[in-house]
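Novice: Take a look at the letters that make up each chain.
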Amino acid sequence: MSAYNWNWAVIVSEPYVGWLLDGLAVTVMLALSSWAIALVLGTVIGLARTLPSAPLRWLATGYVELFRNIPVLVQMFLWFFVLPELLPREAGHWLKRDLPHPEFFSAMVCLGLYTASRVAEQVRSGITSVPPGLAAAARASGLSLAQTYRYVLVPLGFRIIVPPLTSEFLGIFKNTSIALTIGVMEITASSRQIESYTFQGYEAFAAATALYLLLALLLLFLTRRIEARTRIPGWIARSNT
Amino acid sequence: MGHLDVNVILRNLPYLWEGLQLSFLLAAIAIAGGIFFGLIMALLRMSSIRPVAWIALGYVNFFRSVPLILVIFWIYFLVPLLLGHATGPFLSAVVAFTMFETAYYCEIIRAGVQSTPKGQISAGVASGMTWLQAMRHIVMPQAFRKMRPILLTQSIILFQDTSLVYVVTLRDFMTSVSTVASQELRMVELYLFAGAAYFAICFAGSRLINRLDGGFRR
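The listed protein sequences derive, respectively, from chains A and B.
For the first sequence, the positions run 224 to 464 when our numbering is used.
For the second sequence, the positions run 166 to 383 when our numbering is used.
Think of the hints as simulated: they come from the structure by calculation, not from any bench.
Quick caveat: nothing in here was measured; it's all calculated off a predicted structure.
It is possible that some hints are incorrect.
If you want the footprint, here are the derived chain A segments under chain B, 3+ residues with CB under 8 angstroms [said to hold, decoys possible]:
| hint | region |
| --- | --- |
| 1 | 363-370 |
| 2 | 411-421 |
| 3 | 428-434 |
Interface residues of chain A toward chain B, partial, derived using beta-carbon atoms under 10 angstroms [to be verified]:
| hint | residue |
| --- | --- |
| 4 | Asn292 |
| 5 | Ile293 |
| 6 | Val295 |
| 7 | Ser400 |
Ranges of calculated distance between the beta carbons of each label pair, as one might list FRET restraints [unchecked claim]:
| hint | chain 1 | residue 1 | chain 2 | residue 2 | range |
| --- | --- | --- | --- | --- | --- |
| 8 | B | Ile214 | A | Leu440 | 24 to 32 angstroms |
| 9 | A | Tyr227 | B | His168 | 52 to 60 angstroms |
| 10 | B | Thr295 | A | Leu274 | 49 to 57 angstroms |
| 11 | B | Ile214 | A | Tyr420 | 39 to 47 angstroms |
| 12 | B | Arg310 | A | Tyr227 | 44 to 52 angstroms |
All residues carry an ideal CB built from backbone N, CA and C; glycine is no exception.
Using the sequences and the accompanying hints, generate a full structural model.
Specialist: This is the structure in structure tokens:
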């Protein structure tokens, strides 16, 4: 502990402060873009798991099981290293050479599809927690299956699952750090780079930690407001994780 | 691409198996440590002494706000500084995982305990037990039964997360896979194999949990 030279100035001086801010921007962009994929795909798969059609249910269940039971790091490598080799020559070449920032897009697809499996589980539990009498009443009063979903199950189901969905949203920001293994320069990678250039590990990691804490606080503030607005009056209080 | 070469995996199976054993060992230590310290943290979190509860809450919220990889880097960097000499990455990984998972297990255990009606503690205390005795003999047995499936599911997630020690080149299963992949220039085979192996283990694990849990409820 004796020989450590403190130098907090390092994290606010160029070029290191720039690396951190770039890292923050990459983390935010990666998290938001993969969240968009996760939300759309997860909704489709989650709804498919509640449909009467057995093949669609099996397909959706298969998707969820596959993506939930493989570590994100392995999935990251599969998208980045393996997929281009398995595609036809030209497509693989395009992915590796012509696409700008292939590591960013691989990470985006990886986190999007992985988080979709988690979102799907929440969507399914939201739909199944709508009292079955409501759907039966909707069908009995002449609504088609699609209309029942559109006007009854989805609006109610989604409002029930806003709290767990917001925690998935917070989670995707943390999971972006795994993208550093394929060369995405997000927050953690930037702090690691500063550490290896300057040997000021404390300062670099403390800066990264502070950025994550700030992000978490900001997101918590935003999501609390969304939760308050979407809460169904009279429904059981928000589920705690 | 050429055809898939299965031999490269068979040839390196003993080496990969060693890595997998290390993954299991790390996961086992982190699960035991995480549940043990998570239980203590949960009790602190529910303490009636405000500052104690706040410190525990701060600990949990801190570790739930930062990514595991950053914690791994932190500890990997700090441990040699604190000990004054270099250690292998295994000790750092054990410390990092235990500290991180303590926060998650704490929340699971707290939720389990708080789902038990408060009156039961009062009844225990009224019949002459101390608070800790009431916790130990009345609340915990019920709470653990309720949270068992969630504790086990968290443990499967933890096992998947051990792959992240790759970033400090601790030779777990994932690091072994990647070493072989770059030595043999066979990334496709090796990473597909890694995916299949993790899937087989985690899928079997979650099936087992479902069966245990289902048996319990019936």
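Novice: State for each hint whether it applies.
Specialist: Here is how each hint holds up against the structure:
{"no.": "1", "hint": "363-370", "result": "violated (count 0)"}
{"no.": "2", "hint": "411-421", "result": "holds (count 4)"}
{"no.": "3", "hint": "428-434", "result": "holds (count 3)"}
{"no.": "4", "hint": "Asn292", "result": "4 angstroms, holds"}
{"no.": "5", "hint": "Ile293", "result": "5 angstroms, holds"}
{"no.": "6", "hint": "Val295", "result": "8 angstroms, holds"}
{"no.": "7", "hint": "Ser400", "result": "4 angstroms, holds"}
{"no.": "8", "hint": "B/Ile214 <-> A/Leu440: 24 to 32 angstroms", "result": "26 angstroms, holds"}
{"no.": "9", "hint": "A/Tyr227 <-> B/His168: 52 to 60 angstroms", "result": "54 angstroms, holds"}
{"no.": "10", "hint": "B/Thr295 <-> A/Leu274: 49 to 57 angstroms", "result": "54 angstroms, holds"}
{"no.": "11", "hint": "B/Ile214 <-> A/Tyr420: 39 to 47 angstroms", "result": "45 angstroms, holds"}
{"no.": "12", "hint": "B/Arg310 <-> A/Tyr227: 44 to 52 angstroms", "result": "48 angstroms, holds"}
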